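A.B. asks: Chain by chain, the residues run as shown.
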Amino acid sequence: MIDSKDIKIKFHESSSEWIRSFSLTAIKCLIVCRGPVRKEAMDIFDEIGIKEYGILLSEKDSVVYPQALAPEMRGFKFINNIHRVPDYMGSSKEEKTERIHEIISIALNNSYTHIFAGYGFMAEDAEFIEAIEKSGITFMGPASSVAKQAGAKDEAKKIARKLNVSVTPGIDNITSLALLKKVGDKSKLEALAKEKKLNYSYKESISPEENAESLLQLSYVAGIDLVSIADLQDEAEVQSKEIWIKFPKNRIRFKYIGGGGGKGQRVIGDLKEVKSAVMEIIAESKVVSEGSNRNFLIELNIENTRHNEIQLIGNGNWCISLGGRDCSLQMHEQKLLELSYTVELFQEEIVAHSSNPTRVAMLKDDLQTLKEMEEQSERFGAAVKLDSVSTFESIVDGKNHFFMEMNTRIQVEHRVTEMVYKLKFINPKDSSDFFIIESLIEAMALLSLHGKELPKPQRVVRNIAGGEARINATNQSLQPHAGGLIQNWSAPVEHEIRDDQGIGILNPDTGIFIHYRLAGAYDSNIALLVTYGNTRKENLERLASIIRVTELRGNDLQTNMPVHYGLINWILGKDPMFKPNTRFMMSYLAGVGSLFTVIKNTDMDMLWDSYSKDINKNKPSLHKIFNRKLTLILRPIKLILDSPHVLAGFLGYHSGRSFKIVNKKVKFLRNPLEFLGDLYSYLDLDPKSSKPACDKIWDHDDRILKEGLEFYSELAEILGKQSYEEIEKSLMSSSSIAPDKINQATWEKCIQSHSAFQIGLDLIKILPAIGDLSGFLEIDINDSLEAVVPEKFSNSESIKELIKELNPPPKAKSDEILAPMGGMFYSREAPNLPQLIVEGDSFKAGQPLFIIEVMKMFNKISAPFNGKIIKNTLKDSDGKIVSKGQLVFKIQPDEFLKEESPEEILTKKMNTLKSLLSY
Amino acid sequence: MVEKILPSYKFGYMEDIYSALQNPLKKPESQIQSKHTGIYEESLKLGEELLDKPKQGGGIDRILVQHSKDRMTVWERIKVLTQSEPNILYQNWGPSLDGASLVTGILNINGRDIAVYGHDFTLRAGSMDATNGNKLARIIYMAAEHGIPLIGMNDSAGAFVPAGVGGLDGYSEAFTALRKISGIVPSIMLMFGFNAGGGSYLPRQGSFMIQCENTFFGLTGPGVVKSVLGEDISADDLGGPKVHGKSGVVDIVTPDELGSLKTALRLLSYLPNNNSELPSFFPTSDPLARYMYEEDILFRKTFNAPTGMNTPFDITLYIQNICDHGAFFEVQSLRARNLITAFGRLGGHVVGFIANNSAVSSGQIDIDAARKGTRFVRFCNLYNIPMIFLEDTTGFLPGKDQEHGGIVEEGRRLLDSIIDLRTPRMTLIIRNAFGGAYATWNSYHTGADIVFTLPTARIAVMGPAGKDFIYKDEMQKINKEYSENLKKGISDEEAKKIKDSSLQVLSQRYEKDLMNPKEALALGSVSRVIMPGYTRQVLGENLQYLIRHYKPSPMGGIQREFE
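Residue numbers (our numbering), protein chains in the order written: chain H, 1 to 919; chain Z, 1 to 563.
By construction, these hints were calculated from the structure, which means they are not laboratory data.
In this text, all values refer to a predicted model and were calculated from it rather than measured experimentally.
All residues carry an ideal CB built from backbone N, CA and C; glycine is no exception.
You may find that some hints are simply not true.
To be verified - One-sided excerpt, in silico: chain Z residues whose CB lies under 8 Å from chain H: (1) 60; (2) 257; (3) 298; (4) 307.
Chain H with its partners taken away, still in its complex shape (with noise of 0.2 Å):
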């Protein structure tokens, strides 16, 4: 914590005995959660002064893929508390309190007194943390109760709606409702418990609904149904009909009670739906069987969502509101970019741009809307006695907010907050007597330990605008690809936070960097990258400059960086304060795949040679120049054409600035040499001295950058203009006469330079000219600050082929699978289970087809890509040999491989060439 000297120490090292009493060194804390929140708390406990934390290791962090070893192991301080176990959670419900009791045997047997679980995993799992409770450990984290009624959709959304907050259209009570409809009212309720024998009464004092809901309660307990799955369908549709009556152009969404992470859901736009919806959610929730609860909430389907939450933290008397986030930009339901909503922030754009009316009118609307969100959500905080940290969790459209779920633990996205707010605990007795917590986490051991004599915070100003971006191991269409190895990630630069459990830790011995493999065995999560402005745009300019020097090298590493560099340097060309919704990154993604389906006909080589050969009949003594400037122009245009996304990001960045379409020809708004040069420094190519001469601009072609720029700067300043147009056009003119203060012999050399460094910039054009053919270029902001999406990106169709261009799935060479050695061939992996396959099923790539024995070591083997097995040719044929080479299936792939013949290929290029010429 930080004293009001603005020190950083430990609670009992503070000279103030009020402080001294929140000290923090009673606490031995087991983390058992994994991802980069588990480095955070390690440093963060180092920090705070606990006595001890330990970890728990499964096999996949340590003994099933080489070289992924847990990184947070090197140098770990207590290596009598590492912990393993055969996973963090179970997969099957079994295993799951199998490992809830594991878990806290470890954590008596070895006298921890606190148990961190961050976030994902079973960090709001309710039986986990009552267990956890009953056992007298203190869970760090908010309590069972908060979990049960918070972390319940239907729950949750009662108590929402008692205490006025705004929530989404639609009810919460089907199964109630249908019970109602099915028996009829008080005297039939209670018949029909008699008959099922269930112990009920009708209670006066309750609503027909709530007694009918204890009624269904008690059939759970009992294990009967009391509605049918047909009578929720009955009355889902007089419900939907319901809501169409007052949002007629709406689509409903049908979302099952215990769902999460897109599982249960249904969103249907026509009444035809609703049977076959109410099916679904209730068999991909698995409560089919007789005496489940299938409740599940119907409610209006927001279209243009966008997705902000507010941060609450409290102690279970007193509640505050630590600001929002935005985190609309998200991808298959996983949020890729987090950025900060604070009062603060509001006020501040709305001082900046106090000339422009309807802006600020806007920003208003906004900061209203934030402000009621942080009001509502501070009280219904306050209402589940809240004593940790939570999300209050809500989707916005224009200015209705409807808040949909609680999250009752840390997130992910914690760290934006902590950009933004600082907390500060001011003793009641004494104003000057103080202390501030910066960290969340910090703040939840505080609060796990003495909770109850924390004074209600004020929380502080400590950025105006905070933002993370979440680096996960996957590939330009944003799918999760594992396998790849890190070799190098150059160390976190100023104003950068990098939560990266702990890969960049370097060898404790030879200081070398640790090959780390991102094996894929969890999520796809590598780090997250922090950062924070004293503006929106500052912020974002931090966190792209970041992405830009940062190296990560590898082998068949992929990362979403490049998407998250385009992505940012897109919104900072259109506007830092863009408002996106939860569908954009869809569209944008279309979009950059529009890109590469031009830039995969694009051949710069030809375009070259067709250029060389022009300026060799038109412009003869330029030539050997233009030669000169093969790499100059060639290497920065080839290298972000490699990079569908950094290309994207440059588009977006400059459209407007350095270049505009104008009657499909593209037109150079500033001095196209200094475009180039901010095309190297986009690149991040720039001359520093430390780097290797194969990452930065070719000694020689700086020479005549650097020369050029200077050339320039400096005849602007003599002939006192500031416009590259005037002065192009004054250079260009066809009288040739020395303007004043240069002489003529001067001045004619300055023409020929002019034209010598200007030679062969047209080909720059080709960029601009891709995002224009691709229709990249029409993806903008209005003045509403959302997106505008032409057609071709935004209908579901179309994105979807558009998106699998950026990742081709892998295609079959030929209709067959051999076997890959002799041996003895077996389809099972033991006599008593059943076979790895059969004919007429499917694979999927990776999966293990069939066993080969060779000196009684048994082989899996594993299908090359996804198909079908059409014919097995070695039925019953357990334990017989097989050659090397030998046919064991005969199959048809998911995809042939057409190949296209070079003619074809050949005529594509040709004709894309044309195109991108005449711009």
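Dock chain Z against chain H, hints included.
C.D. replies: This is chain Z only, laid out in the frame that chain H set:
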């Protein structure tokens, strides 16, 4: 006034920028104008030109071509190896005074002196002419004389045809020099660009070869191959990194030039300076007595799987958990992965790990694996690197392909290299150790210092199939019972069941009697059992002991890295 003469490294490019690509508004640089331009000033000017000449290479046009292929110049590559100023020798060698397209010198890499040579492809395509073979030989001999490692950056089109026989002689000189230092100082050869002919042989005389993507080397290029043999094949398929990585001609493959240079530096950290020294020792913060939970978990999972003692597993997982902080460096990782060769540190000491990998081909030793292993063992032998042999093999691979390929000879080579091994060497038997493979794989009688075993080991003449030999009588009895049962009228199915269960009992007896390390321990062929979890500690402490009593020295007699 006497002004200090600044070593002016005028980038030749300045004159080379065509006059139109200059800033006409710039004020001319003030030169240190001497009032005199006498003889002394003339000689100063000459000195500067001579110092400058080699840095210019073949001039801006050729440098442009090199860069346009995304290749660095030799000077830029040197800068990656070390930021400190290189000490370049024979700078103006050759009639053109340009260094004869070969740069040789001494670099300071993290405090170590490293000899380096690199072809300057921008000058006559880095070719060998009548004189620079001698220049190359000189740096090679110097490296050996001073006992420092050599890094070679090969980027040469081969012999300079106009130089005639002189160019070929140049190669002979260089070949000879490299052979003469082989076994005295380790060398790391990096392949850049397109190398053919002599340019391919020469680097392979070095200890390690590293090749990156978009490079080629081979006897001749695809063009000549097409015209002479009619074979239509791309450069990458003929002599690219995947081809050579698989055959073992190249030891390490990297994605690009930068990767090759960085990998060379990483590899260097495991190598000693010469054959009289041990590799550098780094005191480690990873406790030697660290209990290896992962070892226990790995073997428990593996052997308790449905396929029991016949379940394969990836041996690199084991090596990873033994090494300090899990760091190890695999050599020839694209080839014969049924045998893993890697450098790692144990208790701060560099160790050469050689391990059978049951995850690939049951860990059997075939021709490729034998060759790979032999090379590695011989290298460690020459350079005083202790070795740890991890044993888990069902034996040498039999069959037509292997016999026709000469497995007997290759196996013999591996065996001999192990017998020759004079550095501290220990063996740990993990699971399978049968027959000839057991006898070959660093057993006590081949000269191992200590042989350990895990309790899971099965050391025997033959694997489970051996029961047919050991229990001959019992087998006969069972077969007799089977025929008698059939005669009695018992159905074929029933009789088979009875026979199978009797065979099962026999197999179990075999497992119990022979599929364990008891006999080997009794005979003293194995020193002791290590319980899973204690491998690092036991191996580490014994290693320390053995190194305490080992004096690094050049190998006696005439030995070379591989024969």
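A.B. asks: The structure should be examined with respect to each hint, and the outcome stated for every one.
C.D. replies: Consistency of the hints with the structure:
no.	hint	in the structure
1	60	6 Å, holds
2	257	6 Å, holds
3	298	5 Å, holds
4	307	4 Å, holds
No hint from the list above goes unmet by this structure.
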